[in-house]
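Counted from 1, the sequence shown has number 114 at position 114 by the working numbering; the numbering is strictly sequential.
Warning: the hint list may mix true and false statements.
As the list claims (entries may be wrong) - Listed next, with one range per pair, are the computed distances between beta-carbon atoms:
#, residue 1, residue 2, range
1, Gln1, Ser117, 37 to 43 Å
2, Ser53, Pro14, 21 to 27 Å
3, Gly65, Gln112, 22 to 28 Å
4, Leu102, Glu15, 24 to 30 Å
5, Ala60, Ala100, 19 to 25 Å
6, Gly103, Asn83, 34 to 40 Å
7, Arg104, Ala70, 20 to 26 Å
8, Leu11, Glu43, 15 to 21 Å
9, Asn84, Ser7, 20 to 26 Å
10, Ser62, Gly10, 16 to 22 Å
11, Gln109, Leu56, 22 to 28 Å
12, Arg19, Glu88, 16 to 22 Å
13, Ser62, Ser117, 32 to 38 Å
14, Gln1, Ala60, 26 to 32 Å
Everything labelled a hint here was simulated from the structure, so no lab data went into it. If you're wondering where the values come from, they're calculated on a predicted model, not measured in any experiment. Every residue, glycine too, gets a C-beta built ideally from N, C-alpha and C.
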Amino acid sequence: QVQLVESGGGLVQPEGSLRLSCTASGSASSFYAMGWHRQATGEDRDLVARIWSNGLTTYADSVSGRFTIATNNAKNTVYLQMNNLKPEDTAVYYCFAYSAGLGREFWGQGTQVTVSS
């Protein structure tokens, strides 16, 4: 199995920045895709950003140009740099990783991001 541990959430003022990190450990050493979803209170869980093993990235329209996703060289840690944060970015952010070898997706426990003055 694979465990994903997120860090970096918290309270930030509008136009501020936060960096989320998610490190994977366990039976998979690398992943076909990693990324982040988020879920605001009363809303569905939606994709924020995804990065594939070849480096290609996908972003939700609402965060494009403000958020940047990246992985480390070992491709077992995924980062989400969030700039120019807005109150509507407030949500629980969940890390995910897809292992082709294990044939399934894994999820972290979530980290709260609150954007408020």
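Between Gln109 and Leu56, does the C-beta distance stay in 22 to 28 Å?
27 Å, holds
Leu11 paired with Glu43, Cβ distance criterion 15 to 21 Å:
With Cβ atoms ~20 Å apart, the hint holds.
Supplied distance hint 19 to 25 Å, evaluated on CB atoms of Ala60 and Ala100:
24 Å, holds
When you take the CB atoms of Asn84 and Ser7, is the distance between them in 20 to 26 Å?
21 Å, holds
Is the hinted range of 34 to 40 Å satisfied by the C-beta distance from Gly103 to Asn83?
Between Gly103 and Asn83, where Cβ atoms are some 35 Å apart, the hint holds.
Take a look at whether the Cβ-Cβ distance between Gln1 and Ala60 falls inside 26 to 32 Å.
28 Å, holds
Gln112 and Gly65 - C-beta distance against the hinted 22 to 28 Å
Holds, since Gly65 and Gln112 (Cβ atoms, about 24 Å apart) stay within the stated range.
If you check the beta carbons of Ser62 and Ser117, does the distance land in 32 to 38 Å?
Since Ser62 and Ser117 have Cβ atoms about 20 Å apart, the given range 32 to 38 Å is violated.
Would you say the C-beta atoms of Ser53 and Pro14 sit inside 21 to 27 Å of each other?
Because 34 Å falls outside the window, the suggested range is violated.
Do the Cβ positions of Arg19 and Glu88 conform to the proposed distance bound of 16 to 22 Å?
Holds, at about 19 Å.
Are Gln1 and Ser117 spaced within 37 to 43 Å by their CB atoms?
41 Å, holds
Distance restraint evaluation - Leu102, Glu15, Cβ atoms, bounds 24 to 30 Å:
With a Cβ separation near 40 Å, Leu102 and Glu15 fall outside 24 to 30 Å, so the hint is violated.
Hint check: violations occur at hints 2, 4 and 13; the rest are consistent with the structure.
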